[in-house]
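2 protein chains.
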Amino acid sequence: MKTAEIVAVGSELLTPERTDTNSLWLTGKLNEAGVEVMLKTVVGDDEARLEETIRDALKRSDIVITTGGLGPTEDDVTRQVSGRAIGRELVYHDDIEAYLRERFRAWGREMPDINKRQAWVIEGAQILPNPKGSAVGMMVELDGKLLVVLPGPPRENQPMYLDHVAPKVREMAGEIQVRRRVLRVSGMGESAVDEVIAPIYKAYPDVQTSVLFTKSEIEVHLAARSRTAEEADSVLEEVAGKVAGVLGMAAFSTNGETLEEVVGTLLRESGKTLAVAESCTGGLIGMRLTDVPGSSAYFLEGAITYSNEAKIRTLNVPEKTVAGYGAVSSETAEAMALGIKERANADYGISVTGIAGPDGGSDEKPVGTVFIGYADKDQTRSVKFIFPGDRDLIRWRSSQAALDYLRRRMLKAETA
Amino acid sequence: MKTAEIVAVGSELLTPERTDTNSLWLTGKLNEAGVEVMLKTVVGDDEARLEETIRDALKRSDIVITTGGLGPTEDDVTRQVSGRAIGRELVYHDDIEAYLRERFRAWGREMPDINKRQAWVIEGAQILPNPKGSAVGMMVELDGKLLVVLPGPPRENQPMYLDHVAPKVREMAGEIQVRRRVLRVSGMGESAVDEVIAPIYKAYPDVQTSVLFTKSEIEVHLAARSRTAEEADSVLEEVAGKVAGVLGMAAFSTNGETLEEVVGTLLRESGKTLAVAESCTGGLIGMRLTDVPGSSAYFLEGAITYSNEAKIRTLNVPEKTVAGYGAVSSETAEAMALGIKERANADYGISVTGIAGPDGGSDEKPVGTVFIGYADKDQTRSVKFIFPGDRDLIRWRSSQAALDYLRRRMLKAETA
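Residue numbers (numbering that gives the first Met the number 0), protein chains in the order written: chain A, 0 to 415; chain B, 0 to 415.
I should point out that these hints are in silico values taken from the structure, not numbers from a laboratory.
Between beta-carbon pairs, the in silico distance windows are:
no., chain 1, residue 1, chain 2, residue 2, range
1, A, 248, B, 88, 54 to 60 Å
2, B, 323, A, 315, 29 to 35 Å
3, A, 207, B, 382, 48 to 54 Å
4, B, 191, A, 389, 35 to 41 Å
Straight-line Cα separation of at most 30 Å, BS3-like style, residue types lysine-lysine; simulated pairs:
no., chain 1, residue 1, chain 2, residue 2
5, A, 131, B, 214
6, A, 201, B, 115
7, A, 214, B, 28
8, B, 167, B, 115
9, A, 411, A, 383
10, A, 144, A, 167
11, B, 271, A, 319
12, B, 364, A, 131
13, B, 167, B, 1
14, A, 115, B, 214
15, B, 201, A, 115
16, A, 167, A, 115
17, A, 144, A, 28
18, A, 214, B, 214
19, B, 241, A, 115
20, B, 201, B, 1
21, A, 201, A, 28
22, A, 58, B, 58
23, B, 214, B, 364
24, B, 58, A, 144
25, A, 28, B, 214
26, A, 1, B, 58
27, B, 1, A, 58
28, B, 131, A, 214
29, B, 411, B, 383
30, A, 131, B, 383
31, B, 319, A, 271
Sample of chain B residues with no beta-carbon within 12 Å of chain A, all distances over it, derived:
no., residue
32, 91
33, 104
34, 116
35, 203
36, 380
These figures come from a predicted structure and were not determined experimentally. C-beta atoms are modelled at their ideal positions from N, C-alpha and C, and glycine is treated no differently.
So here's chain A without its partners, still in its complex pose:
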């Protein structure tokens, strides 16, 4: 099996605030090709350490990928240091300079002189064009090993990897195929999921299974390796089917789809429309729904009714409901869901009202108290949650709960 190391370059990645995430995506892609990542390094703008890191990595592993440090400023040193690490000079490419000048001109700007730095390339390297930015990537083969030098921004390095590096990696890795699949689960805890699915994954020791907890979901990751992708896929299909079977409605996604994608598909396929009224989530649910391209087919309108006046004015929540039960109550949640459904003339209305904190909690309604409302042509309903966590997490979990409630209601309606 071929091995890889990933080197992230940038002093900002050595601060207490930032972590390298490029390596996660790259690891996924390398694993898919059957290549194992053996070591990851984060190094700053320190030339000696970077040079040593690249040189050592190439001694130990078959594929070495660096990300970052290709910008136009003086502290961007990956270009020259990676050349030095493999004993090669940099050569100046007039065509890259011309291309950069053209790009800047298209943006209506003159190219700053410092961008000329980005026209230097390691001698003999394959140049990886960058349609999304000014730093080209580089790929060098050395005695059966591969050094790949990529820019830092994911939107630049990911297409570059897919278009130019992945084919080369596949060629090196040969016939082993690794396929992965992710199931997502809502409304169950990590150990509960593990208990239910353990008998399945124990019966398939060749399928690597892990249960992970993310901020509001449990994910079940499956990985199968085989000589052909078809064989691996077929084992995965079998295991994923069994796992989904025992999890029932809690498994909202069996192939990595997000909850907003799943809800979008249900709406599109049934030809139904949706409108959303948000208080404490402040637009998060609308944002998630409209993250999905084509969502305009089913998402009609959202109202972010943060103030009581807005709830009354825009959603027709009766003044006495807000006054009598409070803005955070099942009655207000239901009136909000009904109000936005009527306003938008949609098939479904959902709503969220709650206390995301840090202030505003009381003994009766502590921070984390959230009501989700639901309305369709026949009925209005609501459900109450008390979410643990900080403001961010409470808002996220509220959005997840609202989308999941809609999903479950739609599936129930289907089977009723």
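Given the coordinates of chain A, assemble chain B onto it according to the supplied hints.
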């Protein structure tokens, strides 16, 4: 200045799902003591690579901290490998075994035999007791350098670091204090910012300056070191002031605040209120504004008017404006901003309408075309952008542009 490297051990940290976060907390603590982290490594249960990593790190840096790999199972190899890396034997501590047996007894269990592995300690190492778990830590001084071997779980390694490692690190680092500051910039490119501020940071070689590009902002990171925190703060204040001075209105934040926090502060301090109408951003602006605790004081209402009907119905956009100029036009953007301002009875209304893609673009209005609308009591205005990037990035940049436009208008009104 003393330097450090951090080595995270564990194959699970080399999967596509997990990242090492211990190093962030440790970096914060080391930085506070004036120690700079120069390199971070993640290595799996691979003995040769781990040994080489620890040995190289000790050659390059003053302090080396490993986390993880101290469990009782066979793939926990940090104990023996770190001993080997510094050429020392492990010695068996009967007292640790006795202590572990006692702990297990207290939990009502018999100690499994494999836990005896955890009684082996590097010869001559200071033993760091672990009240929260079964793996003791180790600290070894070697010719003025320090090797620290910590368990992986944060709740075990953090108290261990604070109680036993931090005092030693402070003793090694002496009296140096490091303080950091972040300025954020909108409406200028990375190279333009660098060009403008280079004369300043070149005049302060002791202040470490880096210019970073995030998805829609430029960040200027400053770090000053001095014998006292006050001295470092005062240099930082001076440099930050000069940098903000040359950047002018483009520097929206001089102490790390986000754009939504800056806008929120402007609104709160002037006692003004805001309402937002969003089309292509789908709730993102509302979400960002309400991310700020206390935003209910100034954020009244948001409308996510995705369909034309919603723009007409909820925002009173004249039907002939949408029909005549299109939903994506300066006329519609202005009518949306005015409409939401009126509906919410707010001081300011802002709006976004645009084409986030991937579909819906045309020659005249390509994907990325976005209009930002603005309305106050005196006037209605708009501005057009063509943003590069994918759907996510176009939406993010649109939200940033809308918040920044409001900020600039408010500041202009103030100085007018």
